[in-house]
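Okay, here's what each chain looks like letter by letter:
There are 2 protein chains.
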Amino acid sequence: MHEGELTKERLLEEATKLVHEKGFGATSLTELLTAAGIRKGTLYYHFPGKDDLGLAVLQRAKTKFLAAIDEVLTAPTPKEAIQKFLEFALERHRARRFVGGCLFGNTALEMSDANSRFAESVGHLFRQWIDKIATVIAAGQEAGQFRRDIPAGDLAQVIVSTVEGGIMMSRLRKEEGPLKTCLDCLKTFLCANVR
Amino acid sequence: MHEGELTKERLLEEATKLVHEKGFGATSLTELLTAAGIRKGTLYYHFPGKDDLGLAVLQRAKTKFLAAIDEVLTAPTPKEAIQKFLEFALERHRARRFVGGCLFGNTALEMSDANSRFAESVGHLFRQWIDKIATVIAAGQEAGQFRRDIPAGDLAQVIVSTVEGGIMMSRLRKEEGPLKTCLDCLKTFLCANVR
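Going down the list, the sequences are from chains R and A. According to this note's numbering, the first sequence is numbered sequentially starting from 1. According to this note's numbering, the second sequence is numbered sequentially starting from 1.
There could be a bad hint or two in this list.
Note that identical chains are pooled: a pair holds if it fits in a single copy or bridges any two copies.
[Said to hold, decoys possible] For lysine to aspartate or glutamate, the following DMTMM-like pairs were computed, each having C-alpha atoms within a straight-line distance of at most 25 Å: (1) K132 <-> E142; (2) K174 <-> D113; (3) K180 <-> D154; (4) K84 <-> D131; (5) K79 <-> D149; (6) K64 <-> E14; (7) K22 <-> E91; (8) K174 <-> D154; (9) K174 <-> E120; (10) K17 <-> E5; (11) K180 <-> E120; (12) K174 <-> D131; (13) K174 <-> D51; (14) K180 <-> D70; (15) K84 <-> D154; (16) K187 <-> D131.
Honestly, the hints are just simulated from the structure, not real lab data. All values reported here derive from a predicted model rather than from experimental measurement.
Chain R with its partners taken away, still in its complex shape (with noise of 0.2 Å):
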């Protein structure tokens, strides 16, 4: 990378971190500079706009999101790769102490109604993550892993959903109990009806 390529990088990466704890609204440009160290003019030149910055911030996020949830999916199973996806979902939230949550499902609630580019960016992110999902979740219907009586689309729906619901819950309450009650509670439900 040169060094225009590391300064754009190091402005994505410290403004996903703004964004991640306070959302988009709240984040300010001035604070953001002071935080990535660079001036105005530089951060103009990268992005022209506010939105431009944070539709750049969701696209970096959602593009090392999809990466990972591939890693995560790959295993000798199916249900031991929902095992390892619900895991992760754990993991991934427990090492940041609860704080920041979800960054997808924060932008959802910030810019379902207010902002249709931010609203279509992570409308598609959540298309992906749960069309990967109902892909493993179809697989173990077949492998006989998992109940056949609801259609993996609406299995993978639900996993999301809950595990964006058990999110918020343990966001506010900074203790894991809620989130691993939904994911725990989501194992015993997908597995049902099975023998």
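The hints should help you fit chain A onto chain R, whose structure is shown.
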């Protein structure tokens, strides 16, 4: 109510609408004054600071919501009470065409890490909500209507988390599918292992 009380109520009502769609941070006092048709001095007479107004909005919404939950959970049997609650959750957000989402979930995500007074207030709401559901679930377990292999408090935690996640997803897509799928799966989950 005398005139001062009426003005205060109108202020809170308009503030609630704005906060519900935009969040606390993005709601400007100027916009609120225009919407409520009152002068700045009148606002400061009732609420010395923006946080006082925000917390009053939250307190008013909490009181209304918990009263609605009490009414919804009043039914001949625990199973019917939970069924009524799940229908209430869908109907409430369908009526708003999935705009605004859940004020408490929004506040949890906006304020969990940013403002401890808001975080405590909304944390208290979620605890009360979960407790009310848990009481009904426990009665239903006693009556053989709900699964008994998971504690009532855990099931209540999962119900509220999944409803919150489902609202988030339906709000993002502006369609009822995700929330409806979540509610259907909750019902299946609660009534499993019951004969």
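Problem - Violated constraints from the hint list, given by number and in increasing order - result: none
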